[in-house]
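*Asks:* Sequence:
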Amino acid sequence: MTYYILTRRLRAQDATWLARSEEAHLVVFGQGLLSDFTPVKEKTVVYALQEEVKETGLVPQFDGKLELKTGGDLVELLLEAQLVHL
13 MTYYILTRRL
23 RAQDATWLAR
33 SEEAHLVVFG
43 QGLLSDFTPV
53 KEKTVVYALQ
63 EEVKETGLVP
73 QFDGKLELKT
83 GGDLVELLLE
93 AQLVHL
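Sequential numbering of the sequence shown, starting at 13, is according to our numbering.
Honestly, the hints are just simulated from the structure, not real lab data.
Just to be clear, a hint being listed does not mean it is correct.
In silico SDA-like cross-links for lysine to any residue, where the CA-CA straight-line distance does not exceed 25 Å [claimed, not checked]:
1) Lys81 <-> Leu61
2) Lys81 <-> Leu98
3) Lys53 <-> Glu79
4) Lys77 <-> Leu89
5) Lys53 <-> Ala31
6) Lys53 <-> Glu35
7) Lys66 <-> Ala31
8) Lys77 <-> Glu92
9) Lys77 <-> Gly42
10) Lys81 <-> His97
11) Lys53 <-> Leu70
12) Lys81 <-> Leu95
Between beta-carbon pairs, the in silico distance windows are [to be verified]:
13) Arg32 <-> Leu89: 32 to 40 Å
14) Ala24 <-> Gly76: 14 to 22 Å
15) Gly42 <-> Asp85: 17 to 25 Å
16) Lys55 <-> Gln25: 17 to 25 Å
17) Thr19 <-> Thr82: 27 to 35 Å
18) Lys53 <-> Arg21: 12 to 20 Å
19) Glu79 <-> Asp48: 27 to 35 Å
20) Glu34 <-> Gly69: 31 to 39 Å
21) Ala24 <-> Gly84: 30 to 38 Å
22) Asp75 <-> Ala24: 16 to 24 Å
23) Leu46 <-> Gly83: 14 to 22 Å
Ideal Cβ placement from N, Cα and C applies to all residues, glycine included.
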């Protein structure tokens, strides 16, 4: 499975990459939490690090599925995955 990693705000070309995947999986960190996810399809699953969300108070605003993961859970998820840094 492919997971897209976003560490800065979402740009138009990032949304284009995500749209190519039928059900994209997007992991957001740092400035990525501040993104406007309006152009992202609702079939996309957005993952954020629970500890970072708790520390910053920034929860990704997304109409689709949003999952907060602990550090260990996120590592387990990504171990066997193909990663694409946007």
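*Asks:* Each hint should be assessed against the structure and marked as holding or not.
*Replies:* Status of the hints after comparison with the structure:
Taking the CA atoms of Lys81 and Leu61, the gap is about 5 Å. The hint holds against a cut of 25 Å. For the hint pairing Lys81 with Leu98, the CA-to-CA distance comes to about 20 Å; that is within 25 Å, so the pair holds. Proposed proximity of Lys53 and Glu79 is supported: the alpha carbons are some 16 Å apart, at most 25 Å. About 16 Å separates the Cα atoms of Lys77 and Leu89, which keeps this hinted pair within 25 Å; it holds.
Of the pairs offered as hints, the one joining Lys53 and Ala31 holds, with about 7 Å between alpha carbons and a cut-off of 25 Å not exceeded. As the CA atoms of Lys53 and Glu35 are separated by approximately 9 Å, the hinted pair is consistent with the 25 Å bound. Taken as a hint, the Lys66 and Ala31 pair is broken in the structure, with Cα atoms around 29 Å apart against an allowance of 25 Å. For the proposed pair Lys77 and Glu92, the alpha carbon gap of about 22 Å is at most 25 Å, so the pair holds.
With a C-alpha separation of about 19 Å, the suggested pairing of Lys77 with Gly42 holds against the 25 Å cut-off. At roughly 19 Å between alpha-carbon atoms, Lys81 and His97 fall within 25 Å of each other, so this suggested pair holds. Proximity of Lys53 to Leu70 is assessed by CA-CA distance (about 21 Å); at most 25 Å being required, the pair is judged to hold. At most 25 Å may separate the alpha-carbon atoms for a hinted pair to count; Lys81 and Leu95 meet this at roughly 17 Å.
Evaluation of the 32 to 40 Å hint for Arg32 and Leu89 yields a failure: the beta carbon distance comes to about 21 Å. Between Ala24 and Gly76, the C-beta spacing of about 18 Å keeps the proposed range 14 to 22 Å intact. Between Gly42 and Asp85 the beta carbon distance is about 19 Å. The supplied range of 17 to 25 Å therefore holds. Between Lys55 and Gln25 the beta carbons are some 19 Å apart, a value that agrees with the proposed interval 17 to 25 Å.
Checked against the given bound of 27 to 35 Å, the beta carbons of Thr19 and Thr82, roughly 19 Å apart, lie outside it. Distance hint check for Lys53 and Arg21: the Cβ-Cβ separation is about 18 Å, which falls inside the suggested range of 12 to 20 Å. At about 19 Å, the beta-carbon gap between Glu79 and Asp48 misses the expected band of 27 to 35 Å. At roughly 33 Å, the beta-carbon separation of Glu34 and Gly69 lies within the given 31 to 39 Å, and the hint holds.
A hinted range of 30 to 38 Å holds for the C-beta pair Ala24 and Gly84, which are about 34 Å apart. Restraint check, Asp75 to Ala24: a C-beta distance of roughly 18 Å satisfies the suggested window 16 to 24 Å. Judged by the Cβ atoms, the range 14 to 22 Å given for Leu46 and Gly83 holds: they are separated by roughly 21 Å.
When each numbered hint is compared with the structure, violations occur for hints 7, 13, 17, 19.
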